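Fit chain V to the supplied structure of chain Y, relying on the hints for placement.
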Amino acid sequence: MKLNLACKRYRKLWNDCDSRELKRSEQRFLEHHRCVCDECRQFEQTASFTLDLLRSATLEPEVSLTFDERVLRRVRVQTVRESLSYWSPALVGAGIACVAIFATLQIAAMPVQPNRARLPDGEAMRTINSDSPLPSLILSKKPLRLDQ
Amino acid sequence: MIEAGSYVLQPSEVAAQERQWVSRCRSGDETALACLIARHRNRLVRTATNLLRDRHEAEDIAQEAFLKAFREIGKLRDDRAFSGFIYRICVRLCMDRLRLKRAELVEFDKSQPHQGGAVENKVVVEKLLSLLPADLRTTLVLREMEQLSYEEVAEVMHVPIGTVRSRLHTARERFRKLWIEAVGSEA
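First to last, the protein sequences are chains Y and V. Each residue of the first sequence is one higher than the one before, starting from 1 at the first, in the numbering used here. Each residue of the second sequence is one higher than the one before, starting from 1 at the first, in the numbering used here.
Okay, chain Y solo, but in the shape it has when bound:
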């Protein structure tokens, strides 16, 4: 259904009268158009009826008795969570530092054990023989013992 300009203006003004006071000329136009246009009269009836219907369907709920308690409990949980999330980077950092210190202390306390696999099978010894002015080199093939 295509509305003519007068009907459009009527409907706009009908809507506007809720938000502002209409001018006299606008009020006269509404009254006049209401008398001459059946469609707009019907529009006004249905529009008023549906708005009344809407207002009559307003709900007035009763808040449950435990509402306050539940909100307070959730606020407490939220506060704890927030403080945890605020302090968590510091706590993680402190944890990492503790582990690092503990590991360092453990390593420092361990006795030094040379790697047997890397010990040479023998050693070269330079000896000075009293008979000869030149030093001689003796290669011992006997592996070194750790307690030596």
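None of these hints come from the bench; they were simulated from the model. Here the structure is a predicted model, which is why all the values come from computation and not from measurement. It is possible that part of the hints are untrue.
[To be verified] Just a few of them, taken from the derived set where beta-carbon distance is under 10 Å, the chain V residues facing chain Y:
hint: 1; residue: I37
hint: 2; residue: K122
hint: 3; residue: V159
hint: 4; residue: P160
hint: 5; residue: I180
[Stated by the list, open to error] Covered stretches of chain V, going by a simulated chain Y footprint (3 or more residues, C-beta under 8 Å):
hint: 6; stretch: 54-64
hint: 7; stretch: 166-177
Here a beta-carbon is modelled for each residue, glycine too, at the ideal position from N, C-alpha and C.
Showing chain V alone in chain Y's frame:
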């Protein structure tokens, strides 16, 4: 005016009291928190129920609104503005929830004449409202059911007043058409 025991508080005293509560709330006073909840819960639950048409969901949203408000209470510049602050949060949460919901298909029995009983009216309104987009629905409910002024609706929804006017016009017209379609004949 609000009655506190036998003494009736003046609006200025109510505002001063609320300012104190908000300030104490910032420092973590749980008694002040409980006082703020007690003062605002009915309004929030009522508005959320009318927007969502579900009491349990409305209570859930009202709780969320309180949590968010207390979490962001530090951002509140003026302690006197707490009432509007929490109401805006609640309406926005309701709008988010409405956007997530899918519009339900309305099925009316057109062979049965519309009786117009209070319960039946509420069911019809609920179904018709579910067909409106969240913005239009919220504007319509805040104006017609919650009786807020145009300025208040604009402030709560954070839109210009002209937008409220045009949304209301569209929402009323759509609601009217939906009702005609649903019932089958004009009243």
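Hint check:
Among the interface hints, the one on I37 of chain V holds; its C-beta lies about 5 Å from the nearest C-beta in chain Y, closer than the 10 Å criterion. Interface restraint check for K122 of chain V: the shortest CB-CB distance to chain Y comes to about 5 Å, inside 10 Å, so the restraint holds. Taking 10 Å as the C-beta contact cut-off toward chain Y, the hint placing V159 of chain V at the interface is violated, the least distance being around 14 Å. A cut of 10 Å between beta carbons decides the hint on P160 of chain V: the least distance to chain Y is about 13 Å, and the hint is violated.
For the restraint placing I180 of chain V at the interface with chain Y, the shortest Cβ-Cβ distance is roughly 6 Å, inside the 10 Å limit, so the hint holds. As drawn, the stretch 54-64 of chain V meets chain Y at 5 residues by the rule of a beta-carbon pair under 8 Å; at three or more, the given contact holds. For the stretch 166-177 of chain V, the stated coverage by chain Y is satisfied: 6 residues place a CB nearer than 8 Å to a CB of that chain, which reaches the threshold of 3.
The structure is inconsistent with the numbered hints 3, 4, although it conforms to all the rest.
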